[in-house]
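Chains F and W, in that order, are what the protein sequence lines are. Counting along the first sequence from 1, when you hit position 17 you're at 17 in this note's numbering, and nothing is skipped either side. Counting along the second sequence from 1, when you hit position 71 you're at 181 in this note's numbering, and nothing is skipped either side.
Because the hints were derived from the structure by calculation, they are not lab data. Each hint should be verified, as a subset may be incorrect.
Simulated restraints on C-beta separations [claimed, not checked]:
| no. | chain 1 | residue 1 | chain 2 | residue 2 | range |
| --- | --- | --- | --- | --- | --- |
| 1 | F | ALA76 | W | SER139 | 35 to 43 Å |
| 2 | F | HIS69 | W | SER127 | 24 to 32 Å |
| 3 | F | SER107 | W | LEU221 | 38 to 46 Å |
| 4 | W | LYS190 | F | GLU67 | 40 to 48 Å |
| 5 | F | THR20 | W | SER130 | 29 to 37 Å |
| 6 | F | ASN22 | W | GLU169 | 40 to 48 Å |
| 7 | F | HIS78 | W | SER127 | 25 to 33 Å |
All figures in this text were calculated on a predicted structure; none of them were measured in a lab. Where a beta carbon is used, it is the ideal one built from N, C-alpha and C, also for glycine.
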Amino acid sequence: KNEVEQSPQNLTAQEGEFITINCSYSVGISALHWLQQHPGGGIVSLFMLSSGKKKHGRLIATINIQEKHSSLHITASHPRDSAVYICAVRGGGSQGNLIFGKGTKLSVKP
Amino acid sequence: SQTIHQWPATLVQPVGSPLSLECTVEGTSNPNLYWYRQAAGRGLQLLFYSVGIGQISSEVPQNLSASRPQDRQFILSSKKLLLSDSGFYLCAWSFPSMGQFFGPGTRLTVL
Numbered sequence: 001k002n003e004v005e006q007s008p009q010n011l012t013a014q015e016g017e018f019i020t021i022n023c024s025y026s027v028g029i030s031a032l033h034w035l036q037q038h039p040g041g042g043i044v045s046l047f048m049l050s051s052g053k054k055k056h057g058r059l060i061a062t063i064n065i066q067e068k069h070s071s072l073h074i075t076a077s078h079p080r081d082s083a084v085y086i087c088a089v090r091g092g093g094s095q096g097n098l099i100f101g102k103g104t105k106l107s108v109k110p
Numbered sequence: 111s112q113t114i115h116q117w118p119a120t121l122v123q124p125v126g127s128p129l130s131l132e133c134t135v136e137g138t139s140n141p142n143l144y145w146y147r148q149a150a151g152r153g154l155q156l157l158f159y160s161v162g163i164g165q166i167s168s169e170v171p172q173n174l175s176a177s178r179p180q181d182r183q184f185i186l187s188s189k190k191l192l193l194s195d196s197g198f199y200l201c202a203w204s205f206p207s208m209g210q211f212f213g214p215g216t217r218l219t220v221l
């Protein structure tokens, strides 16, 4: 079993829909990251969470430490949101390396 | 502000040839540095990380090696590439308790 599981693997939505991507993890963490990878491969960090909820524009990320679960929400989705969204967790050690989920491929149709 | 550079952006190499990928960070000092690989259809995997000059930790045994000759320079190398080395290689930097910042990546194809 992977230490970080994401669902769904693939997601197709119509423009304007509310989108939720889920992430569950099985290890102790010091932080959880949501990353966005565009078709060219470049990765952008969207959020780093250790508790509660963060919001940036149309993106909202939540984390429940007790349940070891996080969600990424996109409100009023747009075709430019099409990308792979990756959940990654950082353990408690000082090295700070991330353990990644396999990603969720989102396609938003106009 | 901090920036991270990787080169080359793309690389096609024959099996058995050597490899050298370079990553440099600007605008910060003594960061943690990481090499990740994303193989086709798979998630990102940590290959190496470094907490300082000359300090390299390997996560996955393989025919790759890493070096950190300067504070803000991280190099990924191989003496003889395998077909299975093909993938997208990402360098990243961070400080403890901070987010990670990724370079633009190098797409390596081994033929």
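Results for each hint:
1. F:ALA76 - W:SER139: 35 to 43 Å: holds (41 Å)
2. F:HIS69 - W:SER127: 24 to 32 Å: violated (45 Å)
3. F:SER107 - W:LEU221: 38 to 46 Å: violated (31 Å)
4. W:LYS190 - F:GLU67: 40 to 48 Å: This hint holds: roughly 46 Å between Cβ atoms.
5. F:THR20 - W:SER130: 29 to 37 Å: violated (42 Å)
6. F:ASN22 - W:GLU169: 40 to 48 Å: violated (26 Å)
7. F:HIS78 - W:SER127: 25 to 33 Å: violated (43 Å)
Hint compliance for this structure: hints 2, 3, 5, 6, 7 are broken, all remaining hints hold.
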